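A.B. asks: Letter by letter, the chains look like this.
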Amino acid sequence: MLYALSVAVALALSSVIVEATGGDWWPVVEALVDGSIKAPGRWGETLGVAAPLLLVALGTVISAKAGLINIGQEGQLLVGAAVAVYFSFLIGGPGPLNVVVLLLFGALGGAVWASLAGLLRFWRGVPEVLSTLLLVFVATQAVGYGLKWQWLLLADEASRGNRNLVSEQLATDNRIPRPDVFGNEFPVTAYVALALALAVAYVLARTVWGFRLRMLGHNPRAAQRSGVSSTTYGATALAIGGAFAGLAGAAMLAGGGFSFGNYRLVPGFSDNIGWTGLLVALMARERALPAVVAAFVFAGLRTGAGFVNSTGVESRITDVVQGLLVLALLVPPAVIFLRDRRRARAAATERV
Amino acid sequence: MLIDFFAAVGDVLSSESTYINGALFAALLAFAATGEWVAERSGTLNISVEGMLLSGAFAGALGYHLAESVAVGLVFGAVGGLVIAAVQAEMSHRLTADQFVVGLTLNILIVGLTGFLDREIDPRADYASEVEIPILVDVPLFGKALFGEPWPFYLLYGLVPLSWWLVYRTRWGLELRAAGENPQSADVSGIDVNRRRRQSIYYAGLTSGLGGAYFLFARLATFDDSVIGGQGFIAIAAVIFGGWTLWGTMAGCVLFAGALSFQLSLQGLGYELNTELLQALPYLVTIGAMAIFARWVRPPAALARPFIRGLK
Chain D
1 MLYALSVAVA LALSSVIVEA TGGDWWPVVE ALVDGSIKAP GRWGETLGVA APLLLVALGT
61 VISAKAGLIN IGQEGQLLVG AAVAVYFSFL IGGPGPLNVV VLLLFGALGG AVWASLAGLL
121 RFWRGVPEVL STLLLVFVAT QAVGYGLKWQ WLLLADEASR GNRNLVSEQL ATDNRIPRPD
181 VFGNEFPVTA YVALALALAV AYVLARTVWG FRLRMLGHNP RAAQRSGVSS TTYGATALAI
241 GGAFAGLAGA AMLAGGGFSF GNYRLVPGFS DNIGWTGLLV ALMARERALP AVVAAFVFAG
301 LRTGAGFVNS TGVESRITDV VQGLLVLALL VPPAVIFLRD RRRARAAATE RV
Chain F
1001 MLIDFFAAVG DVLSSESTYI NGALFAALLA FAATGEWVAE RSGTLNISVE GMLLSGAFAG
1061 ALGYHLAESV AVGLVFGAVG GLVIAAVQAE MSHRLTADQF VVGLTLNILI VGLTGFLDRE
1121 IDPRADYASE VEIPILVDVP LFGKALFGEP WPFYLLYGLV PLSWWLVYRT RWGLELRAAG
1181 ENPQSADVSG IDVNRRRRQS IYYAGLTSGL GGAYFLFARL ATFDDSVIGG QGFIAIAAVI
1241 FGGWTLWGTM AGCVLFAGAL SFQLSLQGLG YELNTELLQA LPYLVTIGAM AIFARWVRPP
1301 AALARPFIRG LK
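Which chain is which? The protein sequence lines are D and F, in order.
First residue of the first sequence: 1, per the working numbering; consecutive thereafter.
First residue of the second sequence: 1001, per the working numbering; consecutive thereafter.
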């Protein structure tokens, strides 16, 4: 009820913004729905965006469960993609094998980048909130630097055509297959991401390792007393979080299709997927399965945005809708939480 | 090679425009970082400062568009910053929503909203008039940079000491710092922790909004949604670099703005250089400083930890 109300308020507010600037709001809604689900081939596109979002979110869930606030997924994703490109061309194995190599190196790259923050946190005591955030901007510049030099990432002159700062394009047999399902094609990473979501949910809820991780997050002191090393478990959780983000980067590169650089690493490749994936995880309140739904919603807003321009309303409005929706979805749980507390306190005082 | 490098550095350091550019960026960072510093001292990592700057810049342009006056533009800018602050503060420190979700969302939202409104309204602004302080402006090299600036620049000379006084010399400031260091104790002694945090975010919104509007009137005169381009995050880096002291924060602003203007001047004088390294410099320096000094300089103990009475 509260959810419906606050979402309605957000949508109403967005439509007021559209109307106030002389547009019509209903076509915008139609365009959003068309672009994300209804039009032919679009929900496949949406799934293709949802997959990396979900991967990023899963990594965030794991590090958040250990009580660590990692907000540097954007950088970890970008570094993962860059490392994946570099090594896939360096090794250049036969097709399908190289896809696996690509994904593994993507995960490795993300993990290493996140581990920098882990190292700073557990060796020098630098809060990981700050270091992960700052490392995002270092990552952007580092990858930008790599894209300037042919011995690092830049493609040779013949294959980059008239564009600068792009990497070599992945060969067709090095791409993640995009099978056709009911007229929608999307990379198989969507299934992988879904399977990983189930796996993460299981591991966190049902294994000793997951239990220890949650214990560390809930009460570090109790965890330490019962033999859970905050350094080992924390650093591992952070690295895994980064690995997921890096995997997302590699998956975007090898399976993303036209929406993500068309199988090339380009400047601005990460395109806010890292930030949005973080939002997905936080919206899902750091739980793996709700993140699946949240990832799809966010992906839908992104793919739907492509259709909004045709209505004559500036497509930037979808950023506004997306932002307002997130804010709207934040309100109800908070209100419910505060209301329950007030009731509990009232009940407690009555008993006295 | 090395001699070339020193020649380049010499050229840059002896050109007046380096200092003028440096002062411009330093002022933008200082406006934002002052407010951010106050916010962080109260224990909230206000990540939406980027959005506040952008909102301030757009509102400033809008104000000028409507009233043809820089002063009105600045007031609009401050209000623009305050609007973002209101959302950030009320949602994260009244409704207990996660402060990072709110901040990141606001940053994305504001880029979209200002970009959208800019296309629809297309506000026109203009440069603020320059005021030169006699005698001092004739000091070689940095006289013009410090004393011959567009007039909103001089607000900083009041704002920074005022912030210092508020935080270190008033009851409000003491309570604010208590909220940032030990919210439980502060709460027990009768301080409304979340209220202090909200107020500190409003303060950050005010200064960042002014900063955004200042930048618009001092450098650009037309709005574009990429004008701030990550300067808000550099301001956050400056606060961290400064070890959560105001003077350290200001030193960070000057250093990072210096690096930026150094890079611009080098390019202006026709030298080739590694721009990526210089752009990453603020972040690398901050990370390095944190790694070296983290044992001695510590953040406010409750930084980025939400306070809900009875929990934790």
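Hints in this document: simulated from the structure, not taken from any laboratory.
Just to be clear, a hint being listed does not mean it is correct.
Stated by the list, open to error - To give an idea of the chain F side of the interface with chain D (calculated C-beta under 8 Å), a few residues:
| hint | residue |
| --- | --- |
| 1 | T1096 |
| 2 | T1105 |
| 3 | I1108 |
| 4 | G1112 |
The structure presented is a predicted model; accordingly, all values stated were derived computationally and were not measured.
Even for Gly, the Cβ is constructed at its ideal location relative to N, Cα and C.
A.B. asks: Need the list of violated hint numbers for this structure, in ascending order.
C.D. replies: Checked against the structure, no hint fails, so every one of them is satisfied.
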